[in-house]
Amino acid sequence: DVKVTQSSRYLVKRTGEKVFLECVQDMDHENMFWYRQDPGLGLRLIYFSYDVKMKEKGDIPEGYSVSREKKERFSLILESASTNQTSMYLCASSLGQVYNEQFFGPGTRLTVL
Amino acid sequence: GQQVMQIPQYQHVQEGEDFTTYCNSSTTLSNIQWYKQRPGGHPVFLIQLVKSGEVKKQKRLTFQFGEAKKNSSLHITATQTTDVGTYFCAGEGNTPLVFGKGTRLSVIA
Numbered sequence: 001d002v003k004v005t006q007s008s009r010y011l012v013k014r015t016g017e018k019v020f021l022e023c024v025q026d027m028d029h030e031n032m033f034w035y036r037q038d039p040g041l042g043l044r045l046i047y048f049s050y051d052v053k054m055k056e057k058g059d060i061p062e063g064y065s066v067s068r069e070k071k072e073r074f075s076l077i078l079e080s081a082s083t084n085q086t087s088m089y090l091c092a093s094s095l096g097q098v099y100n101e102q103f104f105g106p107g108t109r110l111t112v113l
Numbered sequence: 001g002q003q004v005m006q007i008p009q010y011q012h013v014q015e016g017e018d019f020t021t022y023c024n025s026s027t028t029l030s031n032i033q034w035y036k037q038r039p040g041g042h043p044v045f046l047i048q049l050v051k052s053g054e055v056k057k058q059k060r061l062t063f064q065f066g067e068a069k070k071n072s073s074l075h076i077t078a079t080q081t082t083d084v085g086t087y088f089c090a091g092e093g094n095t096p097l098v099f100g101k102g103t104r105l106s107v108i109a
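As given, the protein sequences belong to chains A and B, one line each in that order. For the first sequence, the positions run 1 to 113 when this note's numbering is used. For the second sequence, the positions run 1 to 109 when this note's numbering is used.
Keep in mind the hints are simulated off the structure, nothing from the lab. Given the structure is predicted, the values throughout are model-derived calculations rather than measurements. Please note: incorrect hints may appear among the correct ones.
Rough simulated footprint, nothing fancy, chain A against chain B, three-plus residues with beta-carbon under 8 Å [claimed, not checked]:
hint, stretch
1, 68-75
2, 91-102
Straight-line Cα separation of at most 30 Å, BS3-like style, residue types lysine-lysine; simulated pairs [unchecked claim]:
hint, chain 1, residue 1, chain 2, residue 2
3, A, K57, A, K70
4, B, K56, B, K36
5, B, K101, A, K3
6, B, K59, A, K3
7, A, K57, B, K101
8, B, K57, A, K3
9, B, K36, B, K59
10, B, K36, A, K57
11, A, K53, A, K70
12, A, K57, A, K71
13, A, K57, A, K13
14, B, K59, A, K55
15, B, K36, A, K71
16, A, K71, A, K18
17, A, K53, A, K18
18, B, K36, B, K57
19, A, K53, A, K3
20, B, K70, A, K57
21, A, K71, A, K55
22, A, K53, A, K71
23, B, K101, B, K59
24, A, K18, A, K3
25, B, K70, B, K56
26, A, K3, B, K36
27, B, K70, A, K55
28, B, K51, B, K101
29, A, K13, A, K71
30, B, K36, B, K51
31, A, K13, B, K59
32, A, K55, B, K57
33, A, K3, A, K13
34, B, K101, B, K57
35, B, K56, A, K3
36, A, K57, B, K51
Some residues of chain B that are not near chain A, with every Cβ distance over 10 Å (derived) [to be verified]:
hint, residue
37, H12
38, V13
39, Q14
40, E15
C-beta atoms are modelled at their ideal positions from N, C-alpha and C, and glycine is treated no differently.
Based on the provided sequences and hints, a complete structural model is requested.
The structure is reproduced here in structure tokens:
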């Protein structure tokens, strides 16, 4: 079974702090994604990566950056957390080819005070 | 950019009633996927449709992909309490998957 793990289930940070959200997948998937999920807004793509050291902006990249130094790990970075970044963050991975299902991690609920 | 609209936003049904959620894309899709998210859980893949007019069934769930590959539907026959959750469609075209906002299904026993 594919397993996608995220470093924390719950996280509380203060405004202005630098925040790291880690995601690891164990099935040698090429593609990795970061989404945020907010009530009534569904899942919105922040950043994605199709290969190591490669990254592409999604629909809402502002205020975020990512890092993919190893194939299995995709990190989301909030350089200076703000209250409007309070949300559920979901990481996902999929195989390299197109038309492949995404496997999601359990999510990190981030609260920025 | 590509947009995927999903309706209704909420649906409350009595156990045993049928349920349908609809998905429409602003652009032609190469494929559409459906996911289910249980309360407190994460989205889990249900199915992928690729061909124009494709219909697939999983027990009480029927998935359709429109002839123009711009719309899709998920129909659940005789809902059960285990069907509770939010159902998302996600379309892929020239961009990575774009998710609809989901339909939250409540089933009253």
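Hint check against the structure, violated hint numbers in rising order: Per hint list: 1, 14, 31 and 32 violated.
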